[in-house]
Amino acid sequence: MKSTFFVTVTSLALIIPSILALPQSPTIPTVAAPESVDKKLKTLGKKYFGTCTDKPLLIKGSSAAIIPKVFGAVTPENSMKWDSIQPKRDTFQWAWPDYLLDFAQNNSLIARGHTFLWQSQLPAWVGAITNKTDLQAVLENQITTTMTRYKGRIYAWDVANEILDESGNFRQSVWSNVLGGDAMVKIAFEAARKADPAAKLYINDYNLDSASYAKTKAMVTKVKAWIAQGIPIDGIGSQGHLKPGQASGFKAALSSLCAAAPECAITELDIEQAKPEEYAMAVQACVDIINCVGVTVWGVSDADSWRKSTTPLLFDANFSPKPAYAAVLAVKGGNSTIGSVR
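For the sequence shown, position 342 matches number 342 in the working numbering, and the numbering has no gaps at all.
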């Protein structure tokens with residue numbers, strides 16, 4: 001027995017180095033399963049707690065592992081914007097948005113669409129159009145083609161995005177200059193309603209963070225008027241790109257916006273420095289407003305944020321949850337007295 005044991009050990013001593021020398025399979029990163037904020041907000045009457053992402057972010061880092069565990073909805077950060085989908089006239093590119101929507105479907109996530117009527121990330125060929133009839137046809141075609149492709153897979157669309165300036169007037173763009181402000185809104189929302197009658201249609205903007213700010217007041221006034229005229233606007237999205245100290249006035253502003261439309265949402269939340277109390281305050285605002293359906297934070301990790309130098313998200317550059325994450329998870333219900341479902 002002793003000699004047999006000796007031979008076995010000797011054999012292993014010879015074999016192990018050769019095994020270690022063999023090519024090893026790449027290590028698949030594992031992510032600790034944090035508690036779902038989406039599930040928490042659903043217990044408080046909300047429809048979702050989401051984030052933005054896209055294929056380049058899902059195939060690297062830990063976003064693809066974290067999102068289904070923490071979030072319940074996704075918005076494409078860039079892949080549904082005009083320069084991504086139709087960079088050349090009548091040449092549509094679907095690979096990236098298809099990838100994102102497949103990811104959402106495979107993980108039982110709600111999807112939001114983003115965006116159509118926007119002056120930024122617009123191909124030069126669109127900006128060069130000066131004929132009103134031609135521009136209207138181009139806008140309607142973009143909306144109809146995209147929404148028809150994804151019909152039934154998108155909960156809500158940001159049909160109009162950032163169309164107001166800081167004074168509350170229409171922002172100067174090819175859309176407002178050629179079609180006219182009110183006309184462009186009517187054209188876009190009517191085309192969207194026709195393309196997918198079941199989808200919720202939103203107007204989305206930033207700097208709607210103070211109830212007394214001119215832009216916030218103008219949004220409320222204009223949306224009420226458009227809805228009264230029969231333009232099919234279902235919701236207002238307040239982006240929520242906040243600076244330190246702004247969260248304190250966010251609830252009052254969101255309340256006024258939500259009172260102007262059938263529903264509302266926080267659509268792109270990120271807060272410079274990500275102070276826990278400010279994140280809790282912003283999310284609590286939505287929880288406390290009956291027709292605020294959900295919150296989307298604009299990214300998973302600080303490493304991938306468009307404001308990364310300000311570390312504004314719930315997960316740090318190493319995809320570890322920050323104190324703000326715990327603060328959001330601790331938000332409580334019971335104060336839903338502001339606003340109403342119309």
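Hints should not be assumed to be uniformly reliable.
[To be verified] Here are the computed distance ranges between Cβ atoms for each label pair: (1) N131 with N106: 41 to 47 Å; (2) P56 with S36: 23 to 29 Å; (3) A124 with N318: 38 to 44 Å; (4) A137 with G245: 44 to 50 Å; (5) Q229 with K60: 43 to 49 Å; (6) A228 with A137: 15 to 21 Å; (7) D182 with K243: 38 to 44 Å; (8) K224 with T144: 26 to 32 Å; (9) T221 with N107: 35 to 41 Å.
[Stated by the list, open to error] Here are the simulated BS3-like cross-link-like pairs (lysine-lysine), alpha carbons at most 27 Å apart as the crow flies: (10) K60 with K332; (11) K151 with K47; (12) K275 with K47; (13) K81 with K215; (14) K275 with K251; (15) K42 with K69; (16) K81 with K308; (17) K186 with K132; (18) K322 with K39; (19) K81 with K55; (20) K332 with K39; (21) K194 with K224; (22) K251 with K39; (23) K39 with K88; (24) K243 with K322; (25) K332 with K40; (26) K55 with K151; (27) K308 with K194; (28) K275 with K224; (29) K40 with K81; (30) K47 with K88.
It is worth saying that the hints were derived from the structure and are not from the lab.
Cβ atoms here follow ideal geometry from the backbone N, Cα and C, with glycine treated the same way.
Consistency of the hints with the structure:
no. : hint                       : in the structure
1   : N131 with N106: 41 to 47 Å : holds, 43 Å
2   : P56 with S36: 23 to 29 Å   : holds, 25 Å
3   : A124 with N318: 38 to 44 Å : holds, 39 Å
4   : A137 with G245: 44 to 50 Å : holds, 46 Å
5   : Q229 with K60: 43 to 49 Å  : holds, 46 Å
6   : A228 with A137: 15 to 21 Å : violated, 27 Å
7   : D182 with K243: 38 to 44 Å : violated, 32 Å
8   : K224 with T144: 26 to 32 Å : holds, 27 Å
9   : T221 with N107: 35 to 41 Å : holds, 40 Å
10  : K60 with K332              : violated, 34 Å
11  : K151 with K47              : holds, 20 Å
12  : K275 with K47              : holds, 25 Å
13  : K81 with K215              : holds, 24 Å
14  : K275 with K251             : holds, 17 Å
15  : K42 with K69               : holds, 14 Å
16  : K81 with K308              : holds, 21 Å
17  : K186 with K132             : holds, 14 Å
18  : K322 with K39              : holds, 19 Å
19  : K81 with K55               : holds, 14 Å
20  : K332 with K39              : holds, 13 Å
21  : K194 with K224             : holds, 21 Å
22  : K251 with K39              : holds, 22 Å
23  : K39 with K88               : violated, 41 Å
24  : K243 with K322             : holds, 18 Å
25  : K332 with K40              : holds, 9 Å
26  : K55 with K151              : holds, 20 Å
27  : K308 with K194             : violated, 39 Å
28  : K275 with K224             : violated, 34 Å
29  : K40 with K81               : violated, 31 Å
30  : K47 with K88               : violated, 36 Å
The structure shown violates the earlier hints numbered 6, 7, 10, 23, 27, 28, 29 and 30.
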